[in-house]
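**Student:** Since the structure of chain A is already known, use the hints to place chains B and C on it.
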Amino acid sequence: MNDRYKAGTLLLAGAIGVLVATYGSLPTSTNAQQADAAWTQTRTAWGDPDLQGVWRYEGAIPLERPARFAGRESLTDEEVAQIQKVEEEQAAQRLAGAEGAAVARRSVGESPIRGNEYNSFWQDHGRPRQVSKQTSLVVDPRDGRIPYTPDAKKANERASARYGVGPYESFLDPDTGERCLTDGVTALMWQGPNGGHNRIVQSPGFVTILHEEYLDRRIIPVDGRAHGSIRQWLGNAVGKWEGDSFVVDTTNFIDRTNYEWAAIFTRPSETLHLVERFKRTSANSMEYRITVEDPATFVKPWTAVIPITRLGDDTQIYEYACHEGNYAMTNLLAGGRVDAAKKR
Amino acid sequence: MRTWIAVVGAAIMTGFAAWMLFPTSARPQAEGDAAPYTAPRTADGKPDLNGIWQAVNTANYDIQAHPARPALALLPAPPRSGSPGNTRATPVELASPAVRPFGAVGGVPAGEGVVEGGEIPYQPWAAAKKKENAEHWLERDPEIKCFMPGVPRATYLPYPFQILQGANKIVFAYEFAGASRTIHMDPVGDSPAPTWMGWSRGRWDGDTLVVEVTDFNEETWFDRAGNFHSEELKVTERYTPASPHHLLYEATIEDPKVFTRPWKLSMPLYRRFERGKQLLEYKCVEFVEELMYGHLGVVDPATGQRNK
Amino acid sequence: MSTKFATLLLGVLGLASSAGPAVAHHAFAAEFDATKPIKLKGTVAKMEWINPHTWLHLDVKRPDGKTERWMIEGGPPNALYRRGFTKNSLPIGSELVVEGFRAKDGSLKGNGRELTFADGRRLFVGSSGTGAPRDGKDR
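Taken in sequence, the protein lines are chains A, B and C.
Per this note's numbering: the first sequence ends with 344, consecutive numbering throughout.
Per this note's numbering: the second sequence ends with 308, consecutive numbering throughout.
Per this note's numbering: the third sequence ends with 139, consecutive numbering throughout.
Bound conformation, chain A alone (with noise of 0.2 Å):
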């Protein structure tokens, strides 16, 4: 114990150094997501603001608010400091690959990343977490839960008891991620499997956002033009400038309620209405603020606050080729036809 704990300590001393000298500043709770006062908004060629770029959500605040949180909209200055600390240490681990080590050493089932056996290694990119005073990515109700219904609360629970459990009896009982389908629109802005890259390109009477996973694109005009009415997986989007916000009103999903989705607040359905404001703080920062209504789901609309990172210009998006390699589905099924042979 006390050897793991001097190694830990070296390796973040290391860690520390090394990022020190890859980044020159430590991310604070204070600097993260302040607009910097000496900056001012560029702008494309004719003017529009520019939000051009690589993004990324970096932040470690929780999509709903925890429960030790309840009735706090803000963490003080003392308890953010605290859990930067935690997230240096924990990037340094990663880093090090210490919590591959300590996962491989564990059984399955005690394993504190269930049903994905790899080391976080894999995802981050080695820089800690931003933490901020938000209590919740959720503002809007103020408790910062989303208001489900009782039928899609008890659907998000069910989603979160089968997820990576199943059964898997057919290609609909994965959910559409692991189909290679997409994970929606909702979260596209601040989640992804391999941490949620977005490049978004300007061009004029458009704004295009490249998700990385799963092919999803959307294509925004930005010119005055009516909603289209064809219904798509991932709506139809109308954009316009207010000041420097770009706030986009997406409508017309088709519903894909009946399928499993790993998260149910990302599901469309024919009566789902998003309305975003992109508003670029800094050189490196925007405010991603989303609206969602959709009677289907919640009972009346939510509002989450995302502080959203610029990646360096060499930052680049790589192509996802799921479906091209779908073998986790081929295994799955196999899987599933074992289960019921077992059962027989």
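Because the hints were derived from the structure by calculation, they are not lab data.
One thing to keep in mind: the hints can contain errors.
Unchecked claim - As a list, the in silico DSBU-like pairs of lysine-lysine whose alpha-carbon atoms are at most 30 Å apart:
no.: 1; chain 1: B; residue 1: Lys-145; chain 2: C; residue 2: Lys-46
no.: 2; chain 1: B; residue 1: Lys-283; chain 2: A; residue 2: Lys-153
no.: 3; chain 1: B; residue 1: Lys-131; chain 2: A; residue 2: Lys-279
no.: 4; chain 1: A; residue 1: Lys-279; chain 2: B; residue 2: Lys-277
no.: 5; chain 1: A; residue 1: Lys-240; chain 2: B; residue 2: Lys-46
no.: 6; chain 1: C; residue 1: Lys-46; chain 2: A; residue 2: Lys-343
no.: 7; chain 1: B; residue 1: Lys-131; chain 2: C; residue 2: Lys-66
Said to hold, decoys possible - A few chain C residues that face chain A, going by a derived Cβ cut-off under 7 Å, partial list only:
no.: 8; residue: Ala-30
no.: 9; residue: Glu-48
no.: 10; residue: Ile-50
no.: 11; residue: Trp-55
no.: 12; residue: His-57
no.: 13; residue: Asp-64
no.: 14; residue: Asn-78
no.: 15; residue: Lys-104
no.: 16; residue: Asp-105
no.: 17; residue: Phe-117
Every residue, glycine too, gets a C-beta built ideally from N, C-alpha and C.
**Tutor:** Same frame as chain A, now just chains B and C:
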């Protein structure tokens, strides 16, 4: 003297008129031969290729010239013998049972081909493999399974695509399967791994967008006729604005593992200028799951019955 | 580790899990069998850069001299690329030791929980040669 001046003057004027009316380099009008077109510029001074474009030809059926055919999957024709008219009739080409119910909807239209010179210079082993691919089209064509189509096939699939010119990156968004390419106009490192859609580096050559595409895997085809490549494929594309409503597209194919020399295909790309035109979704993964996985689980969703 | 650290650690993991599945998909227990651990030594025949899991094709020589072709599930490639790990980091013919669990249906497939080069260097972990920062464990 005056007569002499008049004659010479008339000769000069006649000659000048002739020069104006009858250009010495008279030749037949060919594709792209109109007066050179200069594309409008974007706000940052680059040729403006923004818009939704689509090829209108049969290249996706077969990039080479081909007559009409009953179907994409055919039964082999039986051999003929004896002198014609003195033996009983034999079939020429019949649709394979799997596609027969489609009737004329499943037929292949004739096409003049888009390969310059007509011939695809396969190495002998590769020519045999192409023939084999065509015979096994139903099992092998990646388009059937909604796999990413690769380059240049993505250009001439029967679906539109959109060019979106950003700062330093140009996005080519294809309707089919939601496939996309990012053309890097700024210096960029190497692709970390082989891909379906390749790694694209672009530059301007006058009004022409030149894209060099490398780092392909070996999985994609050029069409539904079994034309294929290896992971050594390199494609050089040229997109040249030729009028407000069309581009001229050329793709040079190099693959020393499969072909004996580089070869080229070319075609016009037409602007989809309908008012309010947008790229629509063709998320076809959902369309092929029953085909690919229906028989693999405990239960078949199409019938609700247990699989054997 | 200290109790305080452990509490913070669990707290952070608690925060992480409530943000939704950070890495979704691919149900371990539904594909692989935790009662069938495998340890294989083989050479890399092919690497498929598929998301969200890479698939490594490994030629494994059996004691009876025969060679078996195994497929091993690795982690997400796109994250690897950003850590400097590319196709050049794992050339065809590299010798690997794979520890993991076998596919539920008994086929020659498994997940690569722990992958090391034959010389003991852990694969995909912060040691030199993968482009990731040195972790002090290099020899």
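**Student:** Decide, hint by hint, whether the structure agrees.
**Tutor:** So, going through the hints one by one against the coordinates:
no., hint, result
1, B:Lys-145 to C:Lys-46, "22 Å, holds"
2, B:Lys-283 to A:Lys-153, "29 Å, holds"
3, B:Lys-131 to A:Lys-279, "55 Å, violated"
4, A:Lys-279 to B:Lys-277, "28 Å, holds"
5, A:Lys-240 to B:Lys-46, "25 Å, holds"
6, C:Lys-46 to A:Lys-343, "37 Å, violated"
7, B:Lys-131 to C:Lys-66, "34 Å, violated"
8, Ala-30, "5 Å, holds"
9, Glu-48, "5 Å, holds"
10, Ile-50, "4 Å, holds"
11, Trp-55, "6 Å, holds"
12, His-57, "11 Å, violated"
13, Asp-64, "26 Å, violated"
14, Asn-78, "5 Å, holds"
15, Lys-104, "4 Å, holds"
16, Asp-105, "4 Å, holds"
17, Phe-117, "14 Å, violated"
Checked against the numbered hints above, the structure breaks hints 3, 6, 7, 12, 13 and 17 and satisfies the rest.
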